[in-house]
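FYI, the numbering for the sequence shown is -32 to -1, 1 to 1191, going by mature numbering (1 follows the signal peptide of the UniProt record, and there is no 0).
Quick caveat, the hints were computed from the structure, so don't treat them as lab data. A hint or two may mislead.
[As the list claims (entries may be wrong)] Simulated pairs of lysine-lysine, DSS-like, Cα-Cα distance not exceeding 25 angstroms:
no., residue 1, residue 2
1, Lys940, Lys1152
2, Lys974, Lys1029
3, Lys991, Lys1179
4, Lys809, Lys714
5, Lys940, Lys1009
6, Lys989, Lys1139
7, Lys1093, Lys1139
8, Lys1029, Lys809
9, Lys1083, Lys1179
10, Lys1057, Lys1179
11, Lys989, Lys974
12, Lys1029, Lys1130
13, Lys974, Lys1083
14, Lys666, Lys714
15, Lys1177, Lys989
16, Lys989, Lys1093
17, Lys1036, Lys956
18, Lys1177, Lys940
19, Lys940, Lys989
20, Lys1130, Lys940
21, Lys714, Lys614
22, Lys1036, Lys991
23, Lys1139, Lys940
24, Lys940, Lys956
25, Lys940, Lys1036
26, Lys974, Lys809
27, Lys974, Lys666
28, Lys989, Lys1130
29, Lys1083, Lys991
30, Lys991, Lys1093
31, Lys484, Lys614
32, Lys1029, Lys1083
33, Lys1057, Lys974
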Amino acid sequence: MESNMRHSLNKLTISIVMISLSPLTFTNTSSAATNTVVYENQTVTSPIAEGGTATNNLEVKNTQVSVTGGQLSGISWPSAVSIGGNNGTLSLSGQDYGDLTLSVDDQSTVSVQTAGVATGLYIRSDSPNATVTVNNAGSLSINSTSTSTSGTNGILAENYGDLATGNGKVNINLQSGSNINVSTGSSSNGVVAAGREVSVTTDQNSQITLNNTTTSNNSMSGLNLNARQNAFLQNNGNITINAEQASGSKVGVNVNSSLKKATVINQGTINIIGSNGTAIKVNAGTEDVTSTGDITITGANANGIIVNATDTTATDDQKLSVSGNITLDSTGASAGTAVALNNQTQGKGIITYDDANGTISVTGNNATQGANGPNGFFQTNAVGGDVLIDINNISAININSSNGIAIGSSSSGGTGSTEINFKNGIIQTTGNNADGINALNTNNGGNITINQGGDISTSGGDTAQTEGIYANKNGATGNVYINTTGNIDIDAKQGIGILTNVTDGSSTITVDNADKHIAVTSASNTAAQQTIGILARAGNVGNSATVNITNADYINAVSQQGKAAAINTVATNGANSSITLDNINSVTAQSDTGSVQTIGSQVTGAGTSSIVVSDNVNVVKATGNGQAISATTQTGTNTITLGNTKIEGGTGANGGGVYMASTTGNQTLTSYADISADNDQAIFGTSNAATTIDNYNKITGYTNFTGTGAVTFSNNGAIVLQNLNGTNTKSSIDNNFGTNGTFNNKGTISFAETNNTGTITTATFNNVANFDNAGVINLTTNAQGAPSFVGNTLQVTNGGNGNFVSNGGSLIVNTQFNGSTGTSDRLIVDNATTGTGGATKVYVNPTANSVYGNLTGNGIEVVTVNGTSSSNAFALGRPVMNGAYQYGLYQGNAAGGAASQSWFLRNNNFNPVVGGYLANQTAATEMFSQQLRDRLLVMPVSQDTSQLNTLWMRTKMTHGSYRSLGDSINNKNRLYMVQMGSDIGVWKLNDGNLHVGLMAGYGDYKNTSTVEDTHSKADSKVKGYNAGVYATWFQNDDSNKGLYVDTWSQYGWYRNETSGKDVSGSKKYDSNTWSTSVETGYGLVLGTKDNLQWTATPQAQLTYNYYHADNLYDKANVLNVTNSKGSGLVTRVGLRIQAKDIQLQHPVEPFAEFNWINNSAKNDINFNGMKLSNGVPHNRYETKVGLVGSITPKFSVSAQVGGTWGDNKYKEYAGQLNLNYKF
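Let's have the full structure, built from the sequences with the hints guiding it.
Below you can see the structure in the form of structure tokens.
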């Protein structure tokens, strides 16, 4: 048959040559020199077949080829247009057909309608070094009703040649205008290129369409390349496969180059409808694939780009670079992977994507998770090469399927590392067990590095766990590094924002973006399901699980009934754990009924645990049965360092603020944070070695450590004791400090004010062998001073063997005084000693309704000592001075003896302010008290001056002291006064002279009343004015001789005040006095010696004083001051001795005066109904010495000093200056 065909061709060639000599139009031509056959401007209804060695080039121009029925014959494949031939088998030797070319221009069409398999254009050469080329710009339409597994093709190009040594090549070029449409039920291809070296290029205006409306299981490929060596494909055109009912595989671009390299560039669009569709599939020894066109696959088991590099000896990089949109829609069925690289070489596998407007979407319903999908990007390597997935820019990766992975990898079989970079864009996954980024590396060595800059959002899933980022390093060695600067949002029944799992290596997670967050939310109704923000796992000695968060908005984990944790680390087999947080607004874990750990560290073996939360973390919050911070170790150290932040624990038996536990390792908590918990268990755990806690800020709640180890607690901040059990119902506050613990208090310990109505608060510090108090213990919960709050107790105990060391600290208690009895807040200790800092100062706050009286019995117990106490362990920090009494702190029974070592309030003294009120009363009555010689001086006698008026002035200053109120108060005072007056007339009366005048004065008195036992003080002062009249009759012109009678009467107004640093507040009040006096004396000349004339004047004076002050209430001191009236007589009997030089015109006359003063006045005041009197003695003894002299006949001056003494250690020293002027 072949010889007949060639014979016919020879005849046709001759005919063509002959026709060419005539003027007719050419329809087809042949050139013997170039072996070219051209079909031009024809309509052909039978196959065109050029075979053998006679023709190398077949050109179809502006020709319509239409073949129907069984006309197809071809050379070796039923085809409409064909060139070349074969030896019938795929042996290693064939006929030498040389280079072959088949070209169809854009004006030509090829149409096939058949019931069998068919091919539109077919070319084949079995020549070892030949090249077959197809250039198609025409329209090919192949319609076959066959359902055979044999192929129906638009273009088939083969060059098998000498497969062992030959260099046979296949080139196919789909040019602009090329339109291939294949409709069949059989296996079909738009283009098939098979040979040793294969190259296919399609123009952007080319189109391949495959249609299959049957339900056959036959395969379909738009571009199908099979190369024994290298393959090259550049698709710029459009490929469409419509096979919605067919079940066979459907591949847009299928490239096989099993021995060498495949280079694929796809810039066109690929659309596939039907199950088992794949846009691009590459199987090659090595590969370099680039796709920028849009891809849409609709149907079950849809895949986008699947690349397999199979040369296990190759070491060069395997590249898959993608941009554009890829959509896989396998709704209701399993879906595949949008971009997949299976690298089995030793080289690095590289997937890149860089298209800010591109979107990857995968929709399906897969039963399992893995490399087969449903995935966005996935790379595998089973021989241990490096894996790199670099998503630089992308609009979104959308995975809508159970068990989906947006970006994933799996590496095994060697030592290669895995790196995934997701820089910009968003990952959105929906469905059960759907992950954002998932990396598995089981190599013996090699690391996993994931850099997340884009956002990840996953939702859905009722059973299996969903992760935003999951890195699983399950090899013998190797580390994991996660660096995230994007948001992660998880909404699933079980979800983890970031999960790392390392069998033998370190795991490091770093979060650094101030505006981003990690939020995991679960509507779980199962306690076993977990919701975790970050979980890092590491294993084996020398490795570590590390979480470093340097900047973030918030990290939240919220579950309905399951477990919740915001940040967790798990270090096994001796690995270490480290969590460091800085610059975060909030870290929160919440569960309605499940267990919660906001920040947790779990270490086994000899590994250490470290949690550091800096000042810039605003809040760490746990709700439900939750722990805000939890750290556990076995034999390694356990360290927690908290900056100036808020730590808020949850409720439940296992809930609390900070939890620490170690089997045998030492533990340290250093806190500058505000720690609290909804169940008030602020700090708790197990201590079987040494546990050290240093508080520099605030702890609200209680501390609870069990175990055989001692807890050393140093409080340098504030501890607010509270136990409401999360129900707002007050309970006993039991603090436990391991075994034989130590508590060093340099800060403040107090009770919370919350819910203190109606009940007292009791607290214990158990298992404290030594309590050193250099700070403040405030047992009050009584900001308003209501009586119902009195009776709080704090017991510090070690089973009777504890020691409370007073080291300069203080104790603050509320005390209700109730007349002769009372109740107080109370400190209870085993034993008490005094350290170098001195006694604990006790500050007593009386309640608002206290009634102050004379306490009976031992008084009010403030400190209970069940063992022994040093005698200076406690002392009042400030006086307790309310009402009329001052209450002191005394050890033991009131009756004395060693029956009790406890400390009691007893009123052994008066309130010093009482002394102040009494001193003011005395000062006002005596401020302007005077005798004759305080006004009128003894002056030289002359007829010219004896009857002149006298203008006088005196100024006086005194300093004095005395004891009052049973010698218990020492009063120290000083007085400054000035008084002046003038005669208004001098008249002769009974041969004597009568002086009548007016006077006025100003005085300033200050007093300090000090309680002798306690040295507490009260200040009092009086400022007063007075005005009065006087009348004096002298028997002789020389007033120093003979009889005189002096009378005066004056009224005083006074402004009084009591105050002082040791008393409460100050009180101002007014008082007034009226005084009248009668004095008489008789001057006697004792004699003259040595020109000195001595005179003695015996004197007697009777003064009536009346004092009045309104009743007042001193609120600050809780004192009703009433009946402030005093009246009575003061009697003075004295003797004045004076000498003058009778030879001098203006002598200076010395004098001395001795007085006995008796005060019978009733000067007392009622204080809260108790009458108390001043301590000024009834009898006082006064001595004065001075000088008086005349400067001129009309001007005299006198100066004197004196002192007064009496009972109650009364003493007063005075100095006075007097001036007289006659006019």
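Hints, one by one, checked against the model:
1. Lys940 x Lys1152: holds (21 angstroms)
2. Lys974 x Lys1029: Given that 25 angstroms is the threshold and the Cα spacing comes to 15 angstroms, the pair holds.
3. Lys991 x Lys1179: holds (22 angstroms)
4. Lys809 x Lys714: Answer holds: lysine 809 to lysine 714 is near 14 angstroms, not above 25 angstroms.
5. Lys940 x Lys1009: The hint is violated at about 39 angstroms.
6. Lys989 x Lys1139: With a Cα-Cα distance of about 21 angstroms, the restraint between lysine 989 and lysine 1139 holds, given a limit of 25 angstroms.
7. Lys1093 x Lys1139: Roughly 12 angstroms separates the two Cα atoms, so the pair holds.
8. Lys1029 x Lys809: holds (17 angstroms)
9. Lys1083 x Lys1179: violated (33 angstroms)
10. Lys1057 x Lys1179: Not satisfied, since the Cα-Cα distance of roughly 36 angstroms exceeds 25 angstroms.
11. Lys989 x Lys974: Holds, at roughly 4 angstroms.
12. Lys1029 x Lys1130: violated (30 angstroms)
13. Lys974 x Lys1083: holds (22 angstroms)
14. Lys666 x Lys714: It holds: about 13 angstroms lies between the C-alpha atoms, which stays within 25 angstroms.
15. Lys1177 x Lys989: Distance ~21 angstroms between lysine 1177 and lysine 989 Cα, so the pair holds.
16. Lys989 x Lys1093: holds (18 angstroms)
17. Lys1036 x Lys956: violated (48 angstroms)
18. Lys1177 x Lys940: Holds, because 11 angstroms separates the two Cα atoms, which is no more than 25 angstroms.
19. Lys940 x Lys989: holds (11 angstroms)
20. Lys1130 x Lys940: holds (22 angstroms)
21. Lys714 x Lys614: holds (21 angstroms)
22. Lys1036 x Lys991: holds (11 angstroms)
23. Lys1139 x Lys940: Roughly 22 angstroms between the alpha carbons, so the hint for lysine 1139 and lysine 940 holds.
24. Lys940 x Lys956: Violated, because 46 angstroms separates the two Cα atoms, which is more than 25 angstroms.
25. Lys940 x Lys1036: Between lysine 940 and lysine 1036 the Cα gap is close to 20 angstroms, so the pair holds against 25 angstroms.
26. Lys974 x Lys809: violated (30 angstroms)
27. Lys974 x Lys666: Since the Cα atoms of lysine 974 and lysine 666 sit roughly 46 angstroms apart, the hinted pair is violated (cutoff 25 angstroms).
28. Lys989 x Lys1130: Since the Cα atoms of lysine 989 and lysine 1130 sit roughly 21 angstroms apart, the hinted pair holds (cutoff 25 angstroms).
29. Lys1083 x Lys991: holds (22 angstroms)
30. Lys991 x Lys1093: Roughly 18 angstroms separates the two Cα atoms, so the pair holds.
31. Lys484 x Lys614: Holds: lysine 484 and lysine 614 sit about 20 angstroms apart, inside 25 angstroms.
32. Lys1029 x Lys1083: Between lysine 1029 and lysine 1083 the Cα gap is close to 16 angstroms, so the pair holds against 25 angstroms.
33. Lys1057 x Lys974: violated (46 angstroms)
Going through the hint list in order, the structure does not satisfy hints 5, 9, 10, 12, 17, 24, 26, 27 and 33.
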